[in-house]
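Q: Each chain, letter by letter, is given below.
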Amino acid sequence: MKDKIIVENLGLKYTDGTESLFGVNLRIQANRITALIGPAGGGKSTFLRALNRLNDLADVAETSGKVLIDGVNVLDPDLDVIALRRKVGIVFSRPLPLPLTIYKNVAYGLEVAGEKKRAVLDEAVERALRLAQLWDEVNDRLNDPAVALSGGQQQRLCLARTLALKPEIILLDEPTSALDPIATLKIEDSLDMLKEEYTIIIAPHNTQQAARVADRVAFFLQGQVIEYDTTANIYTRPKDSRTQDYITGKFG
Amino acid sequence: MKNNHRYLFLNPKITEKIGTVALTAVAFLTVAPIIAIVIYIIYLGAPAITWEFLTAMPRDGMRAGGIWPAIVGTFYLTMGTAIFSVPLGVAAAIYLSEYAKDNPLTRNIRLAIINLAGIPSVVYGLFGLGLFVVFLNFGTSILSASLTLSIMTLPVIITTTEEALRAVPQSFRVVSTSLGATKWQTIRRVILPQALPGILTGVVLGLERAAGETAPILFTGAAFFLPRLPNSPLDATMALPYHLFVISTQVPGMPIKIQYGTVLVLMMFVLIMNLIVTLIRSRARARRQW
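As given, the protein sequences belong to chains A and B, one line each in that order.
Mapping of the first sequence onto the numbering used here: position 210 corresponds to residue 210, and the numbering continues sequentially without gaps.
Mapping of the second sequence onto the numbering used here: position 244 corresponds to residue 244, and the numbering continues sequentially without gaps.
Rather than coming from a laboratory, the hints here were simulated on the basis of the structure.
Be a bit skeptical, because a hint or two may be false.
[To be verified] Derived DEER-like restraints, expressed as beta-carbon distance ranges:
hint	chain 1	residue 1	chain 2	residue 2	range
1	A	Glu115	B	Ala100	30 to 38 Å
2	B	Lys101	A	Glu115	50 to 58 Å
3	B	Ile109	A	Asp240	39 to 47 Å
4	B	Leu271	A	Gly114	41 to 49 Å
5	B	Pro169	A	Glu62	24 to 32 Å
Note that the Cβ used here is the ideal one computed from N, Cα and C, for glycine as well.
Between the sequences and the hints, there should be enough to build the whole structure, so can you do that?
A: Here you go:
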């Protein structure tokens, strides 16, 4: 299996010295769902945001190591971050529609990339909404404000917004933590379909979700990867006692 | 239990009532003088308001006729101030809120802007006289007066605009960036539309102050008496606040209704500005898509 992302010795410190990563090594396979599990504050979000350089917006004091995506080190300061962010999309833990219409939300990424042709945008919006399984619910009110949607619909809209850019990698940072079980299932269903085409990395909001959706699981604890293996191995015969304690619910 | 409420002020129901009544009274006390002033001005000024008063030139040493040149002058000065101060102020606020890093330099810039807001307006007048009228040789003109008023207005516009920009949730910036937008695209497409109502409030607050000021235009552009309309930005002009000062203190035998009529017109001028902006703002809110 091809490694889409190779993370070598990634370290990260914030200016206030809080959450950091220490020498993280991880190889993430293409067209698989990789789950990052572990207690809050373990560095999962920071890790995800290092992959598309969203940490640039945060108060990061120092980043060390390498993140190779298709062989290119994306931490290189000269890198075209706009192109990187189109290639590596992200869905956040809370549904965060932009203060625009449903249509404009999905078309946003393409519009800022300079796409002006209405036909191209229309087609991309429909395709993305269908992939996120939202099209049937919103196709008659694309020009309504996005906030008029329910929380679950908003989160699928955010997924569609990311998909519209045809990224290669999709990061999901606790995408269902604000959703009810039914809305959660819809997102999980979408992910299963999407991995045919995309490389997916998810920080699930509980260990059960990782077990349901992931092919491989990395256990993050205090900024380090303790264990990384197939989902079956992590859940049935973890090698590290801390992994065992976490997945059996002894802490976390 | 009975003893708990022995003292009047320990009874929560009674203290609650006293608090409500006291705070309501204070609220009314603060608006009472304003209402009184407005009623007083309307009472004394309304009889002066005629079509002639609004559209004619002053006659008889300003003791009769209209105040048309002063109305036009204040309109020109306000527009001139807007032309200079709004783009500059909004741009400075965008820089401070979105681009400037938090370091000693920007902290000092902010401090300077806040301090500028506290400078007495007559100081701006003298500054404008020195810089625009004399040094840059614009003369006593609408241009000099507008520039002087702009400098006075800038701090208000900058601080309120910056506030409005900062009130836009950080998550919008993160989301927009994650979708491949540049900083400027994020500002133009998401941040500015969201902040627009707040920015407009700041702009109108600043411009209203400019419209009503006398001291900054006293040495820079206001004419004592000019029985014609200015026909270039380099002309001096009459203006409502200065005209009011002149007819209240400099002209003997001035009918009182003309004085209060002028005040009423100035008040209406500011009120109309307020109304226009309130309208624009509520339309912007209605178009806001969330």
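Q: What are the numbers of the hints that this structure violates, sorted from low to high?
A: Those not satisfied are hints 2 and 3.
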